[in-house]
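S.K.: Letter by letter, the chains look like this.
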Amino acid sequence: MSGNKILTEATVEHLENVAEDMYRIHLYEPHIAQTSHAGQFVNIQIPKEAAVFWRRPFSIHGTRPESGIFEILFNAVGRGTQVLKKVKNSAKLNLVGPLGNTFNHPDHLKEIIIVAGGLGIAPFKLMLQNLLNRQLKKTVFFGVSSKSNLCCLDEFHRLGAECRISTEDGSQGYRGFVTDDLQNYLRKLPDLSHRQLLVCGPTPMLRKVQEIAQTFQIDAQVSVENIMACGFGACMGCPVQLAHPLDDGKQFLLACKDGPVFNMDEILLDD
Amino acid sequence: MTDLSVKIGSLVLKNPVMVASGTFGYAEEFKDFFDLNQIGGIITKTVTLEPRPGNAPPRIAETASGMLNSIGLPNVGVEHFIIEKMPFLQPLSTKIIVNVAGKTGEDFVEAVARLEDVERIDAYELNYSCPNVKEGGLTFSAHAAIAEEVTRNVRKVTNRPLIAKLTPNVTSISEIGKAVENGGADAVSAINTLVGMAVDLGKKQPKLSTITGGLSGPAIKPVALAKVFELVQNLSIPVIAIGGIMNATDALEFLLTGAVAIQVGTANFINPRAPLDILEGIRDYFDKNRIDEISTFIGSIKT
Numbered sequence: 001m002s003g004n005k006i007l008t009e010a011t012v013e014h015l016e017n018v019a020e021d022m023y024r025i026h027l028y029e030p031h032i033a034q035t036s037h038a039g040q041f042v043n044i045q046i047p048k049e050a051a052v053f054w055r056r057p058f059s060i061h062g063t064r065p066e067s068g069i070f071e072i073l074f075n076a077v078g079r080g081t082q083v084l085k086k087v088k089n090s091a092k093l094n095l096v097g098p099l100g101n102t103f104n105h106p107d108h109l110k111e112i113i114i115v116a117g118g119l120g121i122a123p124f125k126l127m128l129q130n131l132l133n134r135q136l137k138k139t140v141f142f143g144v145s146s147k148s149n150l151c152c153l154d155e156f157h158r159l160g161a162e163c164r165i166s167t168e169d170g171s172q173g174y175r176g177f178v179t180d181d182l183q184n185y186l187r188k189l190p191d192l193s194h195r196q197l198l199v200c201g202p203t204p205m206l207r208k209v210q211e212i213a214q215t216f217q218i219d220a221q222v223s224v225e226n227i228m229a230c231g232f233g234a235c236m237g238c239p240v241q242l243a244h245p246l247d248d249g250k251q252f253l254l255a256c257k258d259g260p261v262f263n264m265d266e267i268l269l270d271d
Numbered sequence: 001m002t003d004l005s006v007k008i009g010s011l012v013l014k015n016p017v018m019v020a021s022g023t024f025g026y027a028e029e030f031k032d033f034f035d036l037n038q039i040g041g042i043i044t045k046t047v048t049l050e051p052r053p054g055n056a057p058p059r060i061a062e063t064a065s066g067m068l069n070s071i072g073l074p075n076v077g078v079e080h081f082i083i084e085k086m087p088f089l090q091p092l093s094t095k096i097i098v099n100v101a102g103k104t105g106e107d108f109v110e111a112v113a114r115l116e117d118v119e120r121i122d123a124y125e126l127n128y129s130c131p132n133v134k135e136g137g138l139t140f141s142a143h144a145a146i147a148e149e150v151t152r153n154v155r156k157v158t159n160r161p162l163i164a165k166l167t168p169n170v171t172s173i174s175e176i177g178k179a180v181e182n183g184g185a186d187a188v189s190a191i192n193t194l195v196g197m198a199v200d201l202g203k204k205q206p207k208l209s210t211i212t213g214g215l216s217g218p219a220i221k222p223v224a225l226a227k228v229f230e231l232v233q234n235l236s237i238p239v240i241a242i243g244g245i246m247n248a249t250d251a252l253e254f255l256l257t258g259a260v261a262i263q264v265g266t267a268n269f270i271n272p273r274a275p276l277d278i279l280e281g282i283r284d285y286f287d288k289n290r291i292d293e294i295s296t297f298i299g300s301i302k303t
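Going down the list, the protein sequences come from chains L and R.
Residue 1 is where the first sequence starts when you use my numbering, and the numbers rise one by one after that.
Residue 1 is where the second sequence starts when you use my numbering, and the numbers rise one by one after that.
Chain R with its partners taken away, still in its complex shape (with noise of 0.2 Å):
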């Protein structure tokens, strides 16, 4: 059986499959469905310094081959995530990865700092690009230097690894990819979601309260493998890929295309033993094609 194991910088998975923020919960929504210790890692949902309730409904709508969310980053804030939700997920054997967020710079460097505290968190993914909340959100990863210093900023108060999440909704995403390299991350993860609208012809209004949401789901695996394509060609830090993954030939080929990890996302939704389907259909890719070092097969796509 093939060694699936992977680095990003000093974070070893077991094997790259890892679960996309804002689509696993705090992980015990999923205990019920498969064994979590299987994948690579958890990365949880965003945790801000403050409590947020998150946007009114309609937060959701479906589209073809997807769905746009305007959640809002609803969450309970550092100090009851601590409280209530890292007891689950300390006994795991996967790695833990705290997805932050912060209005300001500050926010973001005062949650971490606060985290660092905290036993069994292996990495932290800086959440610089959510469309949906009204300060902050985008402007860390649409402006360069801001992106850059924020990631400095927050270097400078952790050793754990630092993985900051990219949105696509920019002009060049290598451009914000190099400025967080820069800046100290460990990898870059990508892409969120693209800023998309629905219309309910009927009601004459849009589907969703803010009016435009993220766009997630299989619709957006082109675009994402077009990001993660451009940012592996870019940069000299490890490229993690999310995209509308929802099976092992859609983990496949972002693996191909240089991702050394995947995170699965709203397939979760559709699927709640999704991220397991596809260990498992990576695995028997491997077996079946007698590929021994999944390093060799990484961004071994040919152009």
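One chain only, chain L, in its complex shape (with noise of 0.2 Å):
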């Protein structure tokens, strides 16, 4: 079980760089790091400068338990991500969280199919970690631009993940979309049951990897990406639409509570 939501305040212990434009903070806060679960988030106070309103939700990345410390990734591409990779040694940053519900995963599993595009990565480090122990195969499918995009890959190797790398300029790894070499190693196996596809990304990666656990019927998890005000289901402002309306005419999940992982085929992805 995932230890309650909480309001506070977590120290800056490292931060680096880890790719183009991408970084990553190690921060110490023990509740958080030691009750956290792969899909879960936190809601990160921007500092003032940044002028921004609302808190920015980060998917918890990894976590070290003893130590008191976990990690967020992000690409610092907007106002708020521009000033918070500026953040100083020792600093506090001020978050709610563990937020969320958690992948999860069913028993007699023989393989964690991972999709991955870009900074859809964060998720799974903590993921590898909480699966340490289990004895089934993890392959990670990485989709980025460029090279210089990649990150994580060596602690992804240590976590017991086979990695293959798609690269849309044909810099590393497979040249094309990471959907397109996923589709061609689902087709060599020599069946589908007892695997699991485990995808986070933009949404055009995401309705593409919808359309292939359709056609190849396996099991998928999605960690989706939405606006939002408050991260615990106070304001209702990250409606996710479902495919089928519940029994009680619900249509709406909503991505901070519900989600942020929902099953593939229980929603609609929109723009």
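Calculated from the structure, these hints are not laboratory results.
From the three backbone atoms N, C-alpha and C, an ideal C-beta is built for every residue, glycine too.
The reader is advised that the hints may include incorrect statements.
[As the list claims (entries may be wrong)] A few chain L residues that face chain R, going by a derived Cβ cut-off under 8 Å, partial list only:
id: 1; residue: V52
id: 2; residue: V96
id: 3; residue: A229
id: 4; residue: M236
id: 5; residue: P239
id: 6; residue: D248
With the hints in hand, could you dock these two chains into one complex?
M.R.: Structure (structure tokens):
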């Protein structure tokens, strides 16, 4: 079980530039580090100079429970993240977390197949950590524009995963979309039972994986990204449309509270 | 320590800090953040007679010092509200005010009538002013005669205090305020959100699915202060202030202007402990300034 969500201050231990425009911050906050599971996120108040009104959600990228440290990974592309990348060691970041639900894996799995596009790689380090002692094959399909956008590969190897890289410009690994490489892989598998797709990335990629999961009839879970004001179900600003309304007439779930992880076949993916 | 209790008709709040409808869920969402019994009152997310799915995404947009929303009053409907949401609220030792909306005047009456059997509801807030629903919505608080009639009809089915929530999107908010006072409202709350719009230049489209939405947050505080002041000057019933209250200073400014109580809204999204921080800040201010009676402070603005 995950811990209660709390409003807290985390201390910046270390910031590193892990790829082009991509940064990782190691934060000291024992409750988050010790109770978070893969898929969950924290909603961080960006330092004042960014002049953004809402908090910003970040997947929990990895944890070191014994030292009270957890990590976030982000692309410094927006007004908030441009400021965040300049944060100094021992600065405090006000945050709410851990928020949201988690990926879950059925028993008797033979293989997890992670499919990540760009920053979509963020939640999967923690997943591999959580699954370190489970005897199953772990394959990571990681798609980026160019090899300068790759990160975390050594750590993924250390956590027992086999990584298959796709770059759109062909600078490393498969040239083209990660979803094409994924299809090639799935076609060659003798059977698809007891395998699970775990997916995070830009919406066009998610849509393609949704198609693939349906074609191959393979179980898939997706972590969606959504703008949100509160992160814990109060503002109701992050609806995700259900593919089929529920019995009580409900047409939407909330990305922050019911998600961010959903079964791929239960939701519609919008722009 | 100053006695912070305030009266709104027959409703006595232990302190003037409440939370605004639609920003606090049904309170359970906030139970991990602070002791809910500390604050004066909780106003629930809007309840309607029938369930509503809410609007299609995108429902929210961040703006300068605030946000736009077009949530569309998603809720489980009054029957499910009673079964699913009230059991959490009932044991709390703070006032529970249920916010009600309807497509028609009859909907308001029927929803309130249904809630009359439910214990531990201390008052109703009538949402006459949601700008984000196609039917009903603004019509109830944009037309004085309709606002008065609906209030009068609801008054007939309940003795519980009635608070009419007013929109600023009208020519004269005090005209509507007087109408609901005549209809039997015990108080008004103001302001609901201001109609606004945000545009995505890259996509060449509005940022909200409904094109326009309701603006809230610090951006609207000066408008709220002006409207609250106008209502206080013109009505005999108490005024509850809402609009961009982020901290104790903001709350004290509204009390000084004449509001008997305040509602913390959008701030709850940014700081889920805001209501408690604001209450503590008000206490500190009164202690520091040796104000023994909150009533001597309320409305004491020098003009």
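S.K.: Look at each hint and say if it fits the structure.
M.R.: To see whether the hints hold, each was checked on the structure:
For L:V52, the suggested interface contact is upheld, since its CB lies about 7 Å from the closest CB of chain R, less than 8 Å. A hinted interface residue such as L:V96 counts as satisfied when its beta carbon comes closer than 8 Å to some beta carbon of chain R; here the least separation is about 6 Å, so the hint holds. Taken as an interface hint, L:A229 checks out: its beta carbon lies about 4 Å from the nearest beta carbon of chain R, inside 8 Å. Against a cut-off of 8 Å between C-beta atoms, the interface hint on L:M236 holds, since the closest Cβ of chain R lies about 5 Å away.
Hint status for L:P239: holds, given a least beta-carbon distance of 5 Å to chain R, under 8 Å. Given hint, L:D248 at the interface with chain R, holds; its Cβ is 7 Å from that chain's nearest Cβ, closer than 8 Å.
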